[in-house]
Every structure is written in structure tokens, then in C-alpha cells.
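Number of protein chains: 2
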Amino acid sequence: MIIKNGLIYYRGEIVKRDIEIEGNKIVRIGKNIEGESYNAEGKLILPGLVNTHTHLAMTLLRGYADDLPLNEWLENYIWPAESKLKGEDVYYGSLLGIVEMIKSGTTCFNDMYFFMDKTADAVVESGIRGVLSHGCIELSDPKKGEREIKESLRIMKICEKNDRTEFMFGPHAPYTCSKEFLMKIKDLADKYKKYIHIHVSETENEVKGIEKQYKMKPMEYLEDFLNENVLIAHAVHLTEKEIKILKEKNVKVSHNPVSNLKLSSGIAPVPELLKNDILVSLGTDGTASNNSLNIFEDLKIMALIHKLKDPKNLNANECLKIATENGGKALNLKIGKIEEGYFADLIFIDLRSASLNPEHNLISNIVYSMDTESIKDVMVDGKFVMQNRKIITLDEEKIIEKTEEIAKDLVNR
Amino acid sequence: MIIKNGLIYYRGEIVKRDIEIEGNKIVRIGKNIEGESYNAEGKLILPGLVNTHTHLAMTLLRGYADDLPLNEWLENYIWPAESKLKGEDVYYGSLLGIVEMIKSGTTCFNDMYFFMDKTADAVVESGIRGVLSHGCIELSDPKKGEREIKESLRIMKICEKNDRTEFMFGPHAPYTCSKEFLMKIKDLADKYKKYIHIHVSETENEVKGIEKQYKMKPMEYLEDFLNENVLIAHAVHLTEKEIKILKEKNVKVSHNPVSNLKLSSGIAPVPELLKNDILVSLGTDGTASNNSLNIFEDLKIMALIHKLKDPKNLNANECLKIATENGGKALNLKIGKIEEGYFADLIFIDLRSASLNPEHNLISNIVYSMDTESIKDVMVDGKFVMQNRKIITLDEEKIIEKTEEIAKDLVNR
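In order, the protein sequences belong to chains A and B.
Here the numbering used here is used: position 247 in the first sequence is 247, and no number is missing along the way.
Here the numbering used here is used: position 357 in the second sequence is 357, and no number is missing along the way.
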């Protein structure tokens, strides 16, 4: 298929080019390519956005506990509810999240949660792309650790069955997993050629806890665990020395600005990370701490909060790159770019919207003012999953009905 | 007309009630009211949001100059472009902004700009409600001051011709208007029983400038000018003493969180203002510094940035009140509430959206996760201006086309 007559976001610029797709890949970008075509006249085509940190099925807890300190939020609301989760809940919660992501232009997400086989089912069914980790909480208990590894390897096998489900190991955090366990995970990742997804330095309390126990900052404590296969979510509280470690080890970061504001965690030093050439990508975190999966919101908020210090920080083009190309690199997948050899994960934006006009600078308009309603069509892996704002792979109304029922039941179980 | 079977936001809660409308006013709220009806089953009805500070026709400069320091932005881009503005530009720029506002649930805005007779035309034609100030820039030049007052009074007369156009005096700021001029405006406001809209304490530089010249902080310098008829936009940099002055004088504030972040102005001390019972409302500012008029974005960002200090700051319900009821109070109009005697300015939200489910807490969902596409119908002054997302009073495509043409011409004039 040839996508003709559209504007495309290509190597940091908006240009008029046709895109040739064969199967699930982009095979050519050029002018006036002939063939069976989709007419993208009046549309702007971006690579689908990449959400590099979320807990998808937490959609079920959206709005359940807001405006609370992190500890109270976790201990009195989130953990008790999560302890009663069942596989079916996670399946429907994942579907609800996928509907929200597709409608707001996300084509791939990186998820850490439980019952991930159910999330894999939702990914396969919906047509979206997902990178799935079983969240391992070992708590220095070797037996628990073994069970977490067993479950991780089970999910790994399930993910290998479909081209759109990728697997990462997901040790939850250095305060919920022992160093020994983390090193075991590192060995397994090397053995199976997989990557690792972990939370580090989200809150000041976490940093203080590690300092108290080990007399070191978290990245110093983790130094022999960290390498280019590790993606760290949050990374809010970092010393210069820790930034140096992240750089030397080629660690990747998922920045979660909305969640970090909402839970008073702080503002990650993204301009400093970028200056040090550390790969920064963008994540929404779960909907219990955002409460949205619309990553275009996070894109704007990321741009804004780093401007608080300097208005030249994170210009619109840099921000868009963080949410696309850098997302692909963070997940080690050929996504987030319109380039030959990349997966055909694309979003089609109708430019006839008040929020996108006038067109002095389309990239600015996308980052700072676009209403997500302008995203009309979404393609993943060469196939449309949404056309004219209707999701064609899923029954949206049924999913909303079912999740409402499950969510009510969950918090009253 | 009776609006039946809907949920409504009423006195801080979401309840099921019918609303009776007569002409342009809400006359009754109750259960099972009989009569000719609009079926709001499955919908949530909010008072239309109130944007208490913008420069509407700056839509023409959206994306024209981003990611720059305030001075460079103003002096090299905004002021040169504005100096070439014509009345027709402002008319079309206002229409574009009104389209964007209606589609994102704003039913009344407070605007300070030039050629305000043209914005008045756009308000009348579109069906929205607007409060209009001619922005007076006197620069201590009495002749210039006289011309600004003459133009203000001309706009006042024009606004009096229509029920949906209200007038405020608009002395731009204490650094562009002398104290003498401000006091003259105060007398005129008293004489004509009108209100005043002014920028104060937006940036540190502005505060330093006033301190240097008058050895006082801005609110101290303005103490005899300030009273309950004054609405201050920004109020970012305030001492405790200045907060006390605002409280004593019953001054109203328009908080502009997005613009203040984007231009590195800072974060206004909103929790402290609220603790002191000072009326805080919400504004987007112009689209050259936001760059959106979707006030639901500002609503979420306001909630988030004040949580950076404390997650309990500005809960969802408080935020929604700021953007509705407090907006009405800031503009001295019977809007922003669903109550008997208030104008029928209402927005109708379709609850069947992934972004609004599950319904643990609908107010949280509105503030933190709602996609504005869920706003299906918008009513102003008892008349629908949008139905099923189609604006029925204006030709959206024609406005987009025309503003594109004008905007290109404006920056190349």
C-alpha cells in the first residue's frame, strides 16, 4: 500500500512524501510513488507515539484514590485493591487502556503488571503493539524470587507467540527486590537476550531508604546491575555522579512527568540527562497516578515543566522526538520513526482543526495545542486499528460496560 | 425547555436532576420535571467553563514564536506582528479562538486586546459569551492615555448593545500605565459601574522594575487602586504582605498556569491565595503563550503543578470550582454554576468514553482524564451553539481557511 499526498514527520521535519508499506513494514519513502493507495491529502502522518512506562490494567482504579500522598495512596488504596485482582480484571482493564491509547495516538506501550498473559491477549486482539513485563516483587525472599522468575519466563514464552507482544524482565524496584535477585535477573536477560524494565529513584523517601541501608545513592548501589539493556522509569532524584553512571552504562530512562507531579515525587532533571546524551523517552505511568493514557498531554506537560527553569529547555521538536524516536530506542524496537525498515505504526492527523491552525509551525501545534480528536486513523503493524475515530478491532462500548462492572466489584470485593 | 435524565454538577457534587430553562436562564432544578425536553440520559452536564484571562485574536500567532525567553518573544516577534494587526485580522482570529473554546467546553471568556469591536462582532455571531477590554497602553503619555480611554468608552458602548458582550476596563499593567492613569480608570469604572482587568506581577523582572522605581512591591504600589472591582491576571510573585493586601481589598485573581510555565514566569502561590479566601479563577492567556484555548488542559496542569509541593493541594473538586463558579465570580456574572437564576451556559458530556471510565469518581475523571471530544453539546444563553460536536453558529472550515491566509500575511506584512 502507498500512503499518498500527506505531510509526514520525517527526520525532524514536516515534509510532503509518500510512504510505501509492504506487510507490516515501511519499505520506501519518496515523492510520487505509484500503486494502490490511501489518500492522505490534508493529513499529517506521525509515527505512533510510544508510551515507555505504564501499568495498563490500573485503568480499573482510575479516580479511585486521588489527591493523596504516595504512601497513603499505595498502602490504603492501591495495594489492597490490587491484592484482589484476577486475570479477567486485567484482561478488561488492559482493553480499556488500549482503547484510550489508540484514540490518543499511542501505538506501542511498555507495561509492568500482573497476569500479563491476559494483557498479551488484549494486545493480540486489539492490534496494538505492547512490551510486557511481569512485575517481580521479591522482598528478599528466595522462594518468592523463584516464583517471580518462573512467572516471568512463562510470560516470555507467551510473548514470543506473537510479533506484536515483546517481553522484558520487570524487577519492580531496588526497594522491593534484593541486589542478589536483580543480578539473577540480569543474567537471565543476558541468557535470553532480553531487556529489563525497572522503577528507580521515583521519590525522595526511596533514595533516603537506600542511602540509609547501603550508604550509597541508588545508581551507585545499582552500578554493576546497570547496562544498556536496562530501562529505568522515573529517575527523578539524581546526583551529578549518578547521571555520570547512567551515561557510562548507557542506561535508558522513561520520564513520567505527570505522575511525578501528581504524587509530589518531583521533577526529573531531563535537560541535564539530554545534555549528557542519555536516552530519555516518555511514559504516562498508570492511570491511578495520571489519570490518563493520552500521552499527548504528557508531551505538553513535559515541555512546560522543564521550561519553568528556562524557556529554551525542551523545544517542541525535541519533545516530539522524545515521545516517538526515543521511545522506539528505549524499547529496542524499530518503531517511533518513519523510515525504511521500520514497522508501519502510524497515526494520521486531520489538519482541518482550529487547534492546529494557523500553520506557522506544525510541530509546535502538535506539541502545544492539538486536540487528540484530530487523530483520525491509527495503523499498527501495517493494519488500521482505528479509522475515522472508530476503533475497528474492538467493541468500545462493551469494554466500557464490562470494566465499569469489574471496577465496582474490585473495590468492594 | 427541560433537560431531563442527566447527571449534573450541582453544589460540588454529581447528582441526577432535571434542569428547567426559560429563555436564557435556569429557572428550576429538580427531580422529574415535566415538559418539552432534551434527553440527557448518559450525559453529565456541567456549567460551561469560564476562561478569565486571554488575548483571543492571538490565535493568529499560535506557534509563531515558541521556546523563547519572554523578552525576546515579545520584542522580536509578538510586538512587531501585533503592530501590523488590522480589525479584520482580529475578527477572524477571534472566530478561530471561539471555535476552539466552544469545542473544548468554554462558554465565557475574558479578553484583553485591540480592535475589540471586531471581537464583539465575533461573540455576537458565534453565540458565545465574552467580556471584552480594550488593552490600554498609556506609557505615561497623557495624550496616549486620552486616546486609550476614548477607545475603551467606544468599546463599552458597543458591548452594551448585546446581552452576551460585557465590558471591562483594561489598563494593561502597572509597567505600561502610570499610577495617575490607573486612578483615572478606577474613577471611570466607579462612574460607569464597570470592572477592571489588568496584568500584575507576571514576571520577576516586572516586580524588580517596580521595586527599583518605587521602593515598593507591586501590590503595595497599587494599594489605593485595588478593590473588589479589580481582576488581576497572573499574580505569580507575591509576598505575604501583598497577599494580605489582595485579601483586604477583595481583589480577584486569574491564575494562568500554562502560560506562566511556558514563559518561565513561575508558579503562582495558589494554595496560599485559597487559604486566604482570595478568589482564584483560571485563564489560558493568549495562544502565543499556551498555545491552546482548551481550558480543560489548564485545569489538569493547575492541579498538577500545585501538587508538586503537596499532593493534597487543589483536589479535583476545588479545581473544577475554580474553572466554573469562581470564573463566574471573577467576571461578576451569573455563570459558572447550575443554579436557579443563572444563565443557561451548559456543556453536555457523553460519559461513554474510555477516558471517563470507570466511574469511581466522576469529578476526578473530568479534571484528570477526560478527552474533550466527550463534550458533545454546548449551550450558551439557553441556545445550543454546538450539537454532536458540530458548531452550528459558525462555518468552521471557512474560518480555518481564512485565518491561515491572514496569519501568513500578517507575519510577512
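Careful, some of the hints might be misleading.
[Said to hold, decoys possible] Capping the alpha-carbon separation at 35 Å, the derived lysine-lysine pairs in DSBU-like fashion look like this:
{"#": "1", "chain 1": "B", "residue 1": "K31", "chain 2": "A", "residue 2": "K309"}
{"#": "2", "chain 1": "A", "residue 1": "K212", "chain 2": "A", "residue 2": "K247"}
{"#": "3", "chain 1": "A", "residue 1": "K383", "chain 2": "B", "residue 2": "K390"}
{"#": "4", "chain 1": "B", "residue 1": "K309", "chain 2": "A", "residue 2": "K4"}
{"#": "5", "chain 1": "A", "residue 1": "K16", "chain 2": "B", "residue 2": "K329"}
{"#": "6", "chain 1": "B", "residue 1": "K25", "chain 2": "A", "residue 2": "K309"}
{"#": "7", "chain 1": "A", "residue 1": "K309", "chain 2": "B", "residue 2": "K16"}
{"#": "8", "chain 1": "A", "residue 1": "K309", "chain 2": "B", "residue 2": "K217"}
{"#": "9", "chain 1": "B", "residue 1": "K247", "chain 2": "A", "residue 2": "K217"}
{"#": "10", "chain 1": "A", "residue 1": "K309", "chain 2": "B", "residue 2": "K398"}
{"#": "11", "chain 1": "A", "residue 1": "K16", "chain 2": "A", "residue 2": "K144"}
{"#": "12", "chain 1": "A", "residue 1": "K309", "chain 2": "B", "residue 2": "K408"}
{"#": "13", "chain 1": "A", "residue 1": "K4", "chain 2": "B", "residue 2": "K329"}
{"#": "14", "chain 1": "B", "residue 1": "K402", "chain 2": "A", "residue 2": "K329"}
{"#": "15", "chain 1": "B", "residue 1": "K241", "chain 2": "B", "residue 2": "K208"}
{"#": "16", "chain 1": "B", "residue 1": "K194", "chain 2": "A", "residue 2": "K390"}
{"#": "17", "chain 1": "A", "residue 1": "K309", "chain 2": "B", "residue 2": "K329"}
{"#": "18", "chain 1": "A", "residue 1": "K312", "chain 2": "B", "residue 2": "K16"}
{"#": "19", "chain 1": "A", "residue 1": "K84", "chain 2": "B", "residue 2": "K312"}
{"#": "20", "chain 1": "A", "residue 1": "K376", "chain 2": "B", "residue 2": "K208"}
{"#": "21", "chain 1": "B", "residue 1": "K25", "chain 2": "B", "residue 2": "K241"}
{"#": "22", "chain 1": "A", "residue 1": "K402", "chain 2": "B", "residue 2": "K241"}
{"#": "23", "chain 1": "A", "residue 1": "K16", "chain 2": "B", "residue 2": "K390"}
{"#": "24", "chain 1": "B", "residue 1": "K157", "chain 2": "A", "residue 2": "K321"}
{"#": "25", "chain 1": "A", "residue 1": "K321", "chain 2": "B", "residue 2": "K390"}
{"#": "26", "chain 1": "A", "residue 1": "K275", "chain 2": "B", "residue 2": "K208"}
{"#": "27", "chain 1": "B", "residue 1": "K84", "chain 2": "B", "residue 2": "K212"}
{"#": "28", "chain 1": "B", "residue 1": "K194", "chain 2": "B", "residue 2": "K212"}
{"#": "29", "chain 1": "A", "residue 1": "K4", "chain 2": "A", "residue 2": "K86"}
{"#": "30", "chain 1": "A", "residue 1": "K321", "chain 2": "B", "residue 2": "K376"}
{"#": "31", "chain 1": "B", "residue 1": "K31", "chain 2": "A", "residue 2": "K312"}
{"#": "32", "chain 1": "A", "residue 1": "K402", "chain 2": "B", "residue 2": "K312"}
{"#": "33", "chain 1": "A", "residue 1": "K247", "chain 2": "B", "residue 2": "K309"}
{"#": "34", "chain 1": "A", "residue 1": "K402", "chain 2": "B", "residue 2": "K143"}
[Claimed, not checked] Covered stretches of chain A (in silico footprint by chain B; criterion: 3 or more residues with CB under 8 Å from a CB of chain B, positions within the stretch not fixed):
{"#": "35", "segment": "15-22"}
{"#": "36", "segment": "90-100"}
{"#": "37", "segment": "156-164"}
{"#": "38", "segment": "255-267"}
{"#": "39", "segment": "304-310"}
{"#": "40", "segment": "357-364"}
If you are wondering where the hints come from, they were derived from the structure by calculation, not from laboratory data.
We put the beta carbon where it would ideally sit given N, CA and C, even for glycine.
>> Hint compliance check: list the failing hint numbers for this structure, sorted ascending.
In response: When the structure is compared with the hints, numbers 1, 4, 5, 6, 7, 9, 10, 11, 13, 14, 16, 18, 20, 21, 22, 24, 29, 31, 34, 35, 37 turn out to be violated.
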